[in-house]
Amino acid sequence: DAGVIQSPRHEVTEMGQEVTLRCKPISGHDYLFWYRQTMMRGLELLIYFNNNVPIDDSGMPEDRFSAKMPNASFSTLKIQPSEPRDSAVYFCASSSSGLAGVPETQYFGPGTRLLVL
Amino acid sequence: DQQVKQNSPSLSVQEGRISILNCDYTNSMFDYFLWYKKYPAEGPTFLISISSIKDKNEDGRFTVFLNKSAKHLSLHIVPSQPGDSAVYFCAANYGNKLVFGAGTILRVKS
Chain B
725 DAGVIQSPRH
735 EVTEMGQEVT
745 LRCKPISGHD
755 YLFWYRQTMM
765 RGLELLIYFN
775 NNVPIDDSGM
785 PEDRFSAKMP
795 NASFSTLKIQ
805 PSEPRDSAVY
815 FCASSSSGLA
825 GVPETQYFGP
835 GTRLLVL
Chain H
1008 DQQVKQNSPS
1018 LSVQEGRISI
1028 LNCDYTNSMF
1038 DYFLWYKKYP
1048 AEGPTFLISI
1058 SSIKDKNEDG
1068 RFTVFLNKSA
1078 KHLSLHIVPS
1088 QPGDSAVYFC
1098 AANYGNKLVF
1108 GAGTILRVKS
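Here the protein sequences line up with chains B and H, keeping their order. Using my numbering, you'd call the opening residue of the first sequence number 725 and step up by one each time. Using my numbering, you'd call the opening residue of the second sequence number 1008 and step up by one each time.
Keep in mind that the hints are not guaranteed to be accurate.
[Said to hold, decoys possible] Keeping only pairs whose Cα atoms sit at most 25 Å apart, straight-line, the calculated PhoX-like set for lysine-lysine is:
(1) 792/B x 1063/H
(2) 1075/H x 802/B
(3) 748/B x 1104/H
[As the list claims (entries may be wrong)] Per label pair, the in silico range of CB-to-CB distance:
(4) 731/B x 1046/H: 16 to 24 Å
(5) 1015/H x 742/B: 24 to 32 Å
(6) 1063/H x 739/B: 45 to 53 Å
(7) 1021/H x 736/B: 39 to 47 Å
(8) 1081/H x 744/B: 34 to 42 Å
(9) 1024/H x 732/B: 37 to 45 Å
(10) 741/B x 1061/H: 28 to 36 Å
(11) 808/B x 1063/H: 25 to 33 Å
What the hints contain is simulated information worked out from the structure, not anything from laboratory work. Cβ coordinates follow ideal geometry from the N, Cα and C atoms, glycine included.
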């Protein structure tokens, strides 16, 4: 298995532009998570999906951020409009349900390093 | 509100010696704890985990200890190897969500 795939790996954009980050989870995994890593706040959960349905988006910083999962093999995180303070590394992770129906170990993608100028 | 704390930003250890990384948490509802390792420009990689009903889990050179009364867990790596040099994140699970510590940079000197 190729693992969690994220694209692009690096993104440089100007303030005000729309940014779309993409993620392909591990095949068969039914949970997908989006994280953001910054120096100030560390690694924080933004949103997670179960069976393509958003379950908890309480970590999404503001309305400029949105995430979708149109099918089991693809998810996007969109920032519109982007701001310099959105500069961070964004990780996608996926996991499968365990026997109790709760997620097992999360496997992370390589991340997208976003720089908003 | 840091629910998971790794108070040591960095640790330096000689090759062959033991590395001990520590983690404290505040939420007694956490039911599962994990350690992840991260190399530069890569995503975190799962290392080892422990359920809240256990106090020790061992996997090769890696052992995680959990002290629920103290709300403290630690990761022991023995013997340490230069390839273990990375950032180590402690994470705690509650309600399908992971809360991560700030990470500890481990340097293993040869």
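Now the hints, each set against the structure:
1. 792/B x 1063/H: This hinted pair is violated, its Cα atoms lying about 39 Å apart.
2. 1075/H x 802/B: violated, 39 Å
3. 748/B x 1104/H: holds, 20 Å
4. 731/B x 1046/H: 16 to 24 Å: holds, 20 Å
5. 1015/H x 742/B: 24 to 32 Å: Since the Cβ atoms of residue 1015/H and residue 742/B sit about 40 Å apart, the hinted range of 24 to 32 Å is violated.
6. 1063/H x 739/B: 45 to 53 Å: Holds, since residue 1063/H and residue 739/B (Cβ atoms, about 50 Å apart) stay within the stated range.
7. 1021/H x 736/B: 39 to 47 Å: holds, 40 Å
8. 1081/H x 744/B: 34 to 42 Å: Since residue 1081/H and residue 744/B have Cβ atoms about 40 Å apart, the given range 34 to 42 Å holds.
9. 1024/H x 732/B: 37 to 45 Å: At roughly 41 Å between Cβ atoms, residue 732/B and residue 1024/H fall inside 37 to 45 Å, so the hint holds.
10. 741/B x 1061/H: 28 to 36 Å: Cβ of residue 741/B to Cβ of residue 1061/H: about 48 Å, so the range 28 to 36 Å is violated.
11. 808/B x 1063/H: 25 to 33 Å: Violated, since residue 808/B and residue 1063/H (Cβ atoms, about 45 Å apart) do not stay within the stated range.
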